[in-house]
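There are 2 protein chains.
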Amino acid sequence: MNENEQRIFDSWKINAKSWTRVIHHQQIESRAIATDAAIIKAVKELNPQTFLDVGCGEGWLCRQLFSPGIDGWGVDACADLIEAARLYNDSRFIVCSYSDLRSQKFENILRFSCLICNFSILGQRDLTQIAEAGCHLLEDHGKIIIQTLHPLIACGDAPYEDGWRETSWTGIGNEVFHPAPWYFRTIESWIQEFYGYNYRLLNLQEPCHPITKKPISIIFVFERC
Amino acid sequence: MNENEQRIFDSWKINAKSWTRVIHHQQIESRAIATDAAIIKAVKELNPQTFLDVGCGEGWLCRQLFSPGIDGWGVDACADLIEAARLYNDSRFIVCSYSDLRSQKFENILRFSCLICNFSILGQRDLTQIAEAGCHLLEDHGKIIIQTLHPLIACGDAPYEDGWRETSWTGIGNEVFHPAPWYFRTIESWIQEFYGYNYRLLNLQEPCHPITKKPISIIFVFERC
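If you read the protein sequences in the order shown, they are chains G and C. The first sequence begins at 1 in my numbering and counts up by one. The second sequence begins at 226 in my numbering and counts up by one.
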């Protein structure tokens, strides 16, 4: 891990409890009004038999997909988040870093229909590790579904080019968050990097804020060639 | 043609001479500093044997591609622009509307390596007509290369959703332009519409302004499946 990646890892350890509360109480407006529903819809449209939620956090998305009977697993590098995820009497959650993903075993599932990364590709090398893991963990024509901040919106006043940025966690519930860096990518880069690992774009969606009508996130669906 | 499409057609008739002067004198800053070079690069990267420049205007891009020996044709619905294009002693320019493209014959070329649409998909049905024409005019795995305003930038304060918009032609050279409507599409729509006609995205580029470092246009390269 480089310094920024270590800072991301450490921040989740510090933020795990606050994050779990914020997600439980649906205190992130963009998630409540748009992006939660958007990722569920994007996954269900693919009609997957199995999924792996990469960076599952406290597990809300897994539970949403387990509920109608889609089988899968959640993984997260943060042990405290996985502990929170397991509180709901489902054991399909594993502590696993992205770099260990390709060799991780999942009891009953050898290959997944899809990997899901819902706002969970934060570091620079996460993308590489997940794209490579997909080659081992995805069935033929398996999909990687990524939701992330819409680059044009997330860019703010900074140059529109790849690079490390600092988070602003202000204004989420009443919780205090320890800040962490994240790696910004342009739309061009998201697509080109996955193409470089032999995926192709199957679908791109731009969920919008229902009131402002501006994009709030972007969803890429890549297929393994 | 519906009313908006008729207005676009009529505006080019009125604007043809002003437009020709503006292009000659490189008076559109974004073209001079970024987008002209970007489209030439995008085409040359594909190493095409032949091209069809759809909505070629006064022909500058064709001449740029003829010059290193790439064979091709330029078509435009506006007769005055094609007349201007032919002033340079090259006859490979034809007056042809997008709706007539699929049945248009080109003396020496039966199928093209690529169609190029450089800021020339303005109306709503242009996309459909060009996508369908591609099925007749492109060789197997032929490409459609589109450069257009970057939707997130072009959107301005309006809702980020498909629909007709009014142009603002202000500030281009010292010329007066007759305004015309154009049809706005989100990035999601550009991709989904071409996918609906059995193309796939091969490449997406976001040329940036060299000073502000903000996207100035977007280039889609679609391949015929």
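Treat each hint with caution, since some may be false.
Derived DMTMM-like pairs: lysine to aspartate or glutamate, alpha-carbon spacing no greater than 25 angstroms straight-line [as the list claims (entries may be wrong)]:
{"#": "1", "chain 1": "C", "residue 1": "439", "chain 2": "G", "residue 2": "90"}
{"#": "2", "chain 1": "G", "residue 1": "17", "chain 2": "G", "residue 2": "132"}
{"#": "3", "chain 1": "G", "residue 1": "41", "chain 2": "C", "residue 2": "387"}
{"#": "4", "chain 1": "C", "residue 1": "269", "chain 2": "C", "residue 2": "382"}
Residues from chain C shown here face chain G by an in silico Cβ test under 10 angstroms; the list is partial [said to hold, decoys possible]:
{"#": "5", "residue": "231"}
{"#": "6", "residue": "232"}
{"#": "7", "residue": "233"}
{"#": "8", "residue": "380"}
{"#": "9", "residue": "438"}
One-sided excerpt, in silico: chain G residues whose CB lies under 10 angstroms from chain C [what the hints assert, rightly or not]:
{"#": "10", "residue": "16"}
{"#": "11", "residue": "18"}
{"#": "12", "residue": "21"}
{"#": "13", "residue": "22"}
{"#": "14", "residue": "24"}
{"#": "15", "residue": "25"}
{"#": "16", "residue": "153"}
{"#": "17", "residue": "158"}
{"#": "18", "residue": "160"}
{"#": "19", "residue": "191"}
{"#": "20", "residue": "192"}
{"#": "21", "residue": "198"}
{"#": "22", "residue": "202"}
{"#": "23", "residue": "214"}
{"#": "24", "residue": "218"}
Read the hints as simulated data drawn from the structure, not as lab findings. All C-beta atoms, glycine included, are put in the ideal place defined by N, C-alpha and C.
Please name the hints from earlier in the document that this structure breaks, with their numbers sorted from lowest to highest. Result: hints 1, 2, 4, 5, 6, 7, 10, 11, 12, 13, 14, 15, 21 break, sorted rising.
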